[in-house]
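Peer 1: So the sequences go chain by chain: A and B.
The first sequence begins at 53 in my numbering and counts up one residue at a time.
The second sequence begins at 53 in my numbering and counts up one residue at a time.
No lab work stands behind these hints: they were computed from the structure.
You can't tell identical chains apart in this list, so a pair holds if it fits in one copy or across any two.
Derived pair list, reagent style SDA-like, types lysine to any residue, alpha-carbon separation capped at 20 Å:
hint : residue 1 : residue 2
1    : Lys57     : Arg144
2    : Lys117    : Glu92
3    : Lys187    : Arg94
4    : Lys187    : Thr93
5    : Lys187    : Thr163
Keep in mind the model is a prediction, meaning the values are calculated, not measured.
There are 2 protein chains.
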Amino acid sequence: MSDFKLHCFALSGNCYKVALFFALAGIEWDSIFVDYLGGETRTEQWRETVNEQGEAPVLEHGQTKISQSGVILDYLSEVTGRFGAQTAAERRDVMRWILFDNHKFTSYYATLRFIYGLQKSGETPVVEFLRLRAKAAYAVVDEHLTGRAFMVGERLTIADLSLAGYVFMPEDTGIEHSAYPAIAAWKDRISNMPGWRHPYDLMPGPTSV
Amino acid sequence: MSDFKLHCFALSGNCYKVALFFALAGIEWDSIFVDYLGGETRTEQWRETVNEQGEAPVLEHGQTKISQSGVILDYLSEVTGRFGAQTAAERRDVMRWILFDNHKFTSYYATLRFIYGLQKSGETPVVEFLRLRAKAAYAVVDEHLTGRAFMVGERLTIADLSLAGYVFMPEDTGIEHSAYPAIAAWKDRISNMPGWRHPYDLMPGPTSV
Chain A
53 MSDFKLHCFA LSGNCYKVAL FFALAGIEWD SIFVDYLGGE TRTEQWRETV NEQGEAPVLE
113 HGQTKISQSG VILDYLSEVT GRFGAQTAAE RRDVMRWILF DNHKFTSYYA TLRFIYGLQK
173 SGETPVVEFL RLRAKAAYAV VDEHLTGRAF MVGERLTIAD LSLAGYVFMP EDTGIEHSAY
233 PAIAAWKDRI SNMPGWRHPY DLMPGPTSV
Chain B
53 MSDFKLHCFA LSGNCYKVAL FFALAGIEWD SIFVDYLGGE TRTEQWRETV NEQGEAPVLE
113 HGQTKISQSG VILDYLSEVT GRFGAQTAAE RRDVMRWILF DNHKFTSYYA TLRFIYGLQK
173 SGETPVVEFL RLRAKAAYAV VDEHLTGRAF MVGERLTIAD LSLAGYVFMP EDTGIEHSAY
233 PAIAAWKDRI SNMPGWRHPY DLMPGPTSV
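Given the sequences, and given the hints that come with them, work out the whole structure.
Peer 2: Okay, structure coming up:
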């Protein structure tokens with residue numbers, strides 16, 4: 053048994069952000085499967101005992117229970133000394149990208165991927181809305197990564213891990229990824245690191261809906 | 053001239069989160085008007101000189117320039133000693149709600165309000181999509197505020213200021229606010245505080261599109 057228990061499921065890129073932290077840091081962890089597709093996160097019981105926000109991932113570490121991938125990543129960087137910021141200014145820069153990720157980059161892309169890539173909605177006004185916004189967020193990150201190896205400080209940080217949540221997911225989103233060459237190179241840089249594993253190899257549960 | 057300069061505009065609840073911090077803390081600040089409706093945040097020049105993420109607010113404090121309302125609020129709580137967390141656990145709790153706000157609460161509501169309330173889109177599939185998700189986020193916050201005065205630690209913190217970004221905006225969103233009585237009571241608690249001002253009285257620029 054590891055010290056770290058992560059409530060997670062394979063389809064969730066938000067969970068992958070944390071699972072990837074453990075994989076790249078070479079730290080043992082245990083998974084607790086969340087039956088998201090079966091509606092577990094919407095039950096009263098799950099919300100009362102695991103997370104009132106109704107979301108995975110949730111990390112348990114001793115008596116500490118934490119939700120929100122951005123808070124979990126920040127906590128893990130502190131307690132393990134890995135992938136964190138080195139100065140106050142860098143810490144703000146890391147958190148700035150984690151917030152941009154939650155608000156725009158992961159947010160629009162993950163929902164587009166779920167509706168279009170997994171539920172196979174076909175082209176709808178909502179898909180068009182999400183894709184336009186996901187592409188705008190991709191363009192901002194691609195521009196930032198142009199001429200840089202990683203988002204902050206020229207080394208892997210939790211800002212990269214947050215943004216990497218959904219970028220390895222295999223489902224079609226109707227976005228042409230060749231339009232974002234700096235993101236493609238950054239993905240290769242991450243997936244070539246020792247310990248890297250694909251989300252569907254790292255977390256439990258089904259990989260289709 | 054104040055030490056603090058905030059790039060902002062009246063219609064932006066994300067900017068209001070920071071402007072409200074200054075108002076309730078009784079701290080002087082200067083505004084720099086962002087012509088969002090005129091497309092200023094989409095120009096190369098603005099992105100290069102103010103914020104590569106293309107978003108307001110941006111805070112300038114001496115040589116420090118910070119974007120993302122969540123990072124700005126965290127910074128201001130540190131440098132002014134107001135509305136911050138008192139322990140590491142409380143700090144995680146505050147950041148957990150700021151992330152939930154950016155990902156779900158403000159995110160869906162602000163976009164719904166812009167499209168439906170300001171641009172007067174009428175009922176569309178995108179409006180229906182955003183309203184459903186905004187209501188789910190409102191329900192989570194209403195449930196959390198039931199039996200509590202504020203989000204964290206029974207006093208006003210930057211978690212409340214983040215979530216309060218759009219709740220005072222007057223435009224119709226098609227959401228029945230009487231369904232969220234704990235949020236209504238929390239809004240009254242905030243607007244009755246000394247120094248409180250409405251977003252349209254606090255920030256420069258037009259209040260319609």
